[in-house]
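*Asks:* Residues per chain, in single letters:
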Amino acid sequence: MFPPNDKLLRRGMMGLWLLVSAGFLALSGLLATNPGAISAGIIRMLGGVLVGLIGLTVLTYFLIESYQPPGGHFLFAVFLLALAGVVFLLFPDQGVVLSNLDGNITPKLANLSLFLIATFASLWNGLLYYWENPAHNRELSVQYFTWLSVLIPLGVLFFFITYTVIEGQSVIDWYFISSASDILRGKVGIFPAIAGTFSLIVGATVFAVPLGVGAAVFLTEYAKRGWIKQFVGVTADCLWSTPSIVFGLFGYVFLVPRITGHSTLLAGQIVLAAMLLPLTIATSTEALTSVPDEFRHGSLALGASRWWTIRKVVLPSSVPSIVTGILLGIGRIAGETAPIMLIAVASGTSAPKFFSASAPFFHVDALFREVDALPYRLYAIYKAGVGGSIKEAWGTALVLIVLVLMFYALGITVRSYYRRKRGW
Amino acid sequence: MSERLKDALNLRFLLGATVVASFTLLFVFFVLFQSFNFYLFLIVLFGTVTGWVLYEDSTAKALLFAASTSAGTILVLIAVFLFIRGFPAFQGEPLFFITGSTWHVYRDIYSLGPMIWGSMVVTFGATLIAAPMGISAAIFIGKFAPGWLRSFLKPAIELLAGIPSVVYGFIGFVLLNRAIMNYFDIANMGQYFAPAIILGFMALPTITSVAEDAIDAVPEHLEKGALALGVTKWQAIKEVTLPSASSGIMASLILGIGRALGETMAVTMMIGHKTAFPNPLYDIFEPGETLTSLIASQIGEASGEATEALMGAGLLLFFVVLVLSVASRVIQSRLQRRFKRG
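Chains A and B are the protein sequences, given in the same order. Note that this note's numbering gives residue 113 to position 113 of the first sequence, counting from 1, and the numbers run on in steps of one. If you want this note's numbering, it's the 1-based position in the second sequence plus 1000.
Where hints are given, some of them may not hold.
Simulated pairs of lysine-lysine, DSBU-like, Cα-Cα distance not exceeding 35 Å [as the list claims (entries may be wrong)]:
#1 K421(A) with K391(A)
#2 K383(A) with K1224(B)
#3 K1274(B) with K391(A)
#4 K421(A) with K1154(B)
#5 K229(A) with K1238(B)
#6 K312(A) with K1154(B)
#7 K229(A) with K1154(B)
#8 K1274(B) with K421(A)
#9 K1154(B) with K1233(B)
#10 K1154(B) with K391(A)
#11 K229(A) with K1224(B)
#12 K187(A) with K391(A)
#13 K1224(B) with K421(A)
Some, not all, of what chain A presents toward chain B, calculated at C-beta under 8 Å [said to hold, decoys possible]:
#14 V142
#15 T164
#16 R420
Anything over 10 Å on all C-beta distances counts as not near chain B; from chain A, calculated [stated by the list, open to error]:
#17 I152
#18 D173
#19 K312
#20 L400
Hints in this document: simulated from the structure, not taken from any laboratory. Heads up, the beta-carbon is just placed ideally off N, CA and C, and yes, glycines get one too.
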């Protein structure tokens, strides 16, 4: 139909968009170094050009028959670019509203839009390439995009961890880990926070694991009706997605007045247990469901009762998976700050003393005192103003990350070890 | 007496019911009278131990049943107590509380409008990053990655969710906030923009793992059938797998949004804490506040009406996230039912 040599036109469009994206990237760089280099009129012109280009592209899309049918992402990309173009057209001087401390004029919005447009225009080119090519080339294009979207988050993760290690390792020595801060000698130590975090974790595990595993056993072994399973599943899901600060508020209005009226270790343990519970239920249910029914039938056929079967056959064979789930869950709650901030912690407290060499050997009242915790310590340093103790903050972050990584590594090791070992 | 009733009324059942009832009593006592009655606890403990010795089976079953209600109980407690403390904030002028533009502690004027807007902006930005990347990461892990890479990538993505949010917040505050300040030449440290980026990476693992489960749940024969017709792998994924898993992917998006909405520490550390609408409204480089960061930063010093208003904010947050997670659950179960039937 419309032009005889549509292949040339398609190539032309692709080249045009490549140029546009390169141009916007360059402009974005220019604005970053020299804000105010572009006047409102030019920005408005750019918007007009953009809208025109989009119109041309859409026209081409509808006029050229041999364009292979693109999906909804085509329209989405058009929509985004059109949006940016309209913003340019309507608010060309938006960026000139605020000036920064030096009195420079900063085209904020324009700069951001340019940045976004550059990004999207590059993506657009990837998509055009995708539409342009035969099926087996598309395969490569898609693999490239998906691979990229795995690499970027992993890269961020790697960068965060490496950066923390580099910044934090200089403060970490034996004193830092094993002692409390000594103001007189000017030495910093985070032992109370480490001990506090561990007592929070242990308490939460003690509360949550019997409840969670018990619930999972009841669901998989006893509950006959679907609705009980549905109910527990839904409530566990809801509990899992409840924001951590809401757990903190809950502890603040419910637990604190009922325990001592002020922050206590026990309140923190209970609230963290409530956060660990849904994870334990989910992973334990999964672990118990994966135990083959032949195990149960064999035991029942020998005359064992149902409870005996659970105790001697079902639970032992699913222990590794349950332990994995719990370890991963602990890794999650070890770094929680928001829930314990209101109900369990105070900075500068000493490590909880549960045990002593003389009678009574175990001190219950340590449960009813405030503790310090690693994540809270980091937050407290931030709140006090990072400037002075930034090294200490990086050190605390590093210890916290190592702690969490430890639980993850442990969990994953247990999982892979038993997955290889078990016979079904 | 009918056969069923006789069955139901036997001694074992009664024992189990007693155990559950005594736990309930102990619990109700704790909730209502605000104290833990040690003697009542001893009685319950004694009864349970006796029951365990005499009828281990039924006692165990009753205890397990009690355990299975724990999640629901906690959820109900959260809802009830947040409601009791937070609802008064909605009672005066509910419309003003939600849509008004002033949060002023010294003048005792409280409305959540700017915070709701902030939460929406930050969550939208996070979703913009997390959704495309998370879903295509799920496609890669579920379909393209070879086995060994997959068993490495899944825990690695899980780990991204495992880094504590306070660490994200700290790194974001020290690196990203400063970088954005320099790059865009902005006078203020905290804005909506930086936390949205970090939140995107925090919500990504949720989206990836749930979407990957959904992609995994699509029966293999569907895709194999398409492949047998001669299409490429990507065509099979696009035309068969993804449409079949679409409701699961939708559920993953909803869960991811809920995660971003409820994330607290990272936002609290990176946002500018200004309880007013940005001017103009779409300016994402102004300091702002979200619901979560408002609660986290103010509850410590709040008293009286301010506490009430913060509880109201918590109630709103809890309710919205609850609706989101129930919705995603419903969508997911619809997916499961479809493949069970088909």
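*Asks:* Against this structure, judge whether each hint is valid.
*Replies:* Structure-based check of each hint:
| no. | hint | result |
| --- | --- | --- |
| 1 | K421(A) with K391(A) | violated (44 Å) |
| 2 | K383(A) with K1224(B) | violated (56 Å) |
| 3 | K1274(B) with K391(A) | holds (28 Å) |
| 4 | K421(A) with K1154(B) | holds (21 Å) |
| 5 | K229(A) with K1238(B) | holds (34 Å) |
| 6 | K312(A) with K1154(B) | holds (32 Å) |
| 7 | K229(A) with K1154(B) | holds (27 Å) |
| 8 | K1274(B) with K421(A) | violated (56 Å) |
| 9 | K1154(B) with K1233(B) | holds (22 Å) |
| 10 | K1154(B) with K391(A) | holds (33 Å) |
| 11 | K229(A) with K1224(B) | holds (33 Å) |
| 12 | K187(A) with K391(A) | holds (12 Å) |
| 13 | K1224(B) with K421(A) | holds (31 Å) |
| 14 | V142 | holds (5 Å) |
| 15 | T164 | holds (7 Å) |
| 16 | R420 | violated (11 Å) |
| 17 | I152 | violated (6 Å) |
| 18 | D173 | holds (21 Å) |
| 19 | K312 | holds (12 Å) |
| 20 | L400 | violated (6 Å) |
In summary, the numbered hints that this structure violates are 1, 2, 8, 16, 17, 20.
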